[in-house]
Amino acid sequence: SLMVPHIHVLDPVLNAMGNYFNAKVRGRAGRQHVMDAEYFDRIEAMHFALSHDDGQSTWDLDDADVVLVGVSRTSKTPTSVYLANRGLKTANVPFVPGVPLPEDLFKLTHPLVVGLTKDPRRLVEIRRQRLRLLDQDENTDYVDLDMVSKEITEARRVFSKYDWPVINVTRKSIEETAANVIQLLSRRRGEAPGPLT
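Residue numbers for the sequence shown follow the working numbering, so the first one is 1220 and each next one is one higher.
Honestly, the hints are just simulated from the structure, not real lab data.
Every residue gets a Cβ at the ideal spot worked out from N, C-alpha and C, and that includes glycine.
Hints may be right or wrong, so weigh each one.
Derived DEER-like restraints, expressed as beta-carbon distance ranges [unchecked claim]: (1) Arg1341 <-> Leu1229: 28 to 36 angstroms; (2) Ala1256 <-> Leu1353: 38 to 46 angstroms; (3) Trp1278 <-> Asp1255: 28 to 36 angstroms; (4) Ile1226 <-> Leu1350: 44 to 52 angstroms; (5) Phe1325 <-> Val1223: 53 to 61 angstroms; (6) Leu1229 <-> Phe1325: 36 to 44 angstroms; (7) Leu1229 <-> Glu1373: 38 to 46 angstroms; (8) Phe1259 <-> Glu1395: 26 to 34 angstroms; (9) His1266 <-> Lys1369: 30 to 38 angstroms; (10) Asp1255 <-> Leu1403: 21 to 29 angstroms; (11) Gln1348 <-> Leu1229: 30 to 38 angstroms; (12) Ala1256 <-> Val1385: 32 to 40 angstroms; (13) Glu1373 <-> Ala1242: 31 to 39 angstroms.
Using the sequences provided together with the hints, build the complete structure.
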C-alpha cells in the first residue's frame, strides 16, 4: 500500500534448494508470524519438546512424532527445539552409561526413534570444552577417550538392537541433523520430504 519497491532476496536460494531436494517451495515472507493452525501446532510442539527434554515425562513418549536418543553432547536438545519449530513433537532421552533407558522407550508404537552418535575424539573435545566452561575437573571418565569410545559402542549396540536409525552428527549442523530426521520421518510415513518454508 505504500508502493515501496521490494526484492525477495531469498527466492533464488529457496528455489535452488527446492530443485536440489526435489521439494515444493512455498516460501512466504513473514509466514512464521501468521497465527493459524500451523502456528499453534508449532507452539504445542515447542511445549512438548521443552517438557520432554533430557528424559523428562517419558510416560507419554508415544505422543511424540520423534524421539532422539544419544550420548551427552550430541545436540539432542537443540535438534529437538529446531524440529519443534517445524511443528514436530520431539522428545529426547540421554544415553548414560550404567543407567538403564526408560522402559517406556521400548514400548513405543507411534514415534520415530532416532539414535544420535558422534566421533569419540570430537566428542571428547566438546566435553572437555564444556567442563572447562563450567570450571569442573577434567579428570573423569566423561572425557576419557577409551570410556567415551565404549559409551558410543554401547549406544550403537542398543540402537541396532531396536532397529533405530542412526545419525552421526560429528560434522553436521543442527539444521542438517534435523533435515536428516525429517527425511527419515517422511520415508517412514511414505511421504515426499515436506516443502521448504
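Hint by hint, here is what the structure shows:
Between Arg1341 and Leu1229, the C-beta spacing of about 32 angstroms keeps the proposed range 28 to 36 angstroms intact. Look at Ala1256 against Leu1353: about 41 angstroms separates their beta carbons, and that is inside 38 to 46 angstroms. Our hint of 28 to 36 angstroms for Trp1278 and Asp1255 holds, since their Cβ atoms are close to 31 angstroms apart. With their beta carbons about 47 angstroms apart, Ile1226 and Leu1350 fall inside the hinted range of 44 to 52 angstroms.
The given range of 53 to 61 angstroms is respected by Phe1325 and Val1223, whose C-beta atoms sit roughly 58 angstroms from each other. Between Leu1229 and Phe1325 the Cβ separation comes to about 43 angstroms, which falls inside the hinted range of 36 to 44 angstroms. Our hint of 38 to 46 angstroms for Leu1229 and Glu1373 holds, since their Cβ atoms are close to 43 angstroms apart. A beta carbon spacing of about 27 angstroms between Phe1259 and Glu1395 agrees with the range 26 to 34 angstroms that was offered as a hint.
The hint said 30 to 38 angstroms for the Cβ distance between His1266 and Lys1369, and at roughly 36 angstroms that hint holds. For the pair Asp1255 and Leu1403, the beta carbons lie near 27 angstroms from each other, so the given range of 21 to 29 angstroms is met. For the pair Gln1348 and Leu1229, the beta carbons lie near 33 angstroms from each other, so the given range of 30 to 38 angstroms is met. A C-beta distance of roughly 33 angstroms is found between Ala1256 and Val1385, which places it inside the suggested range of 32 to 40 angstroms.
For the pair Glu1373 and Ala1242, the supplied restraint of 31 to 39 angstroms holds, since their beta-carbon distance comes to about 37 angstroms.
Of the numbered hints given earlier, the model fails none.
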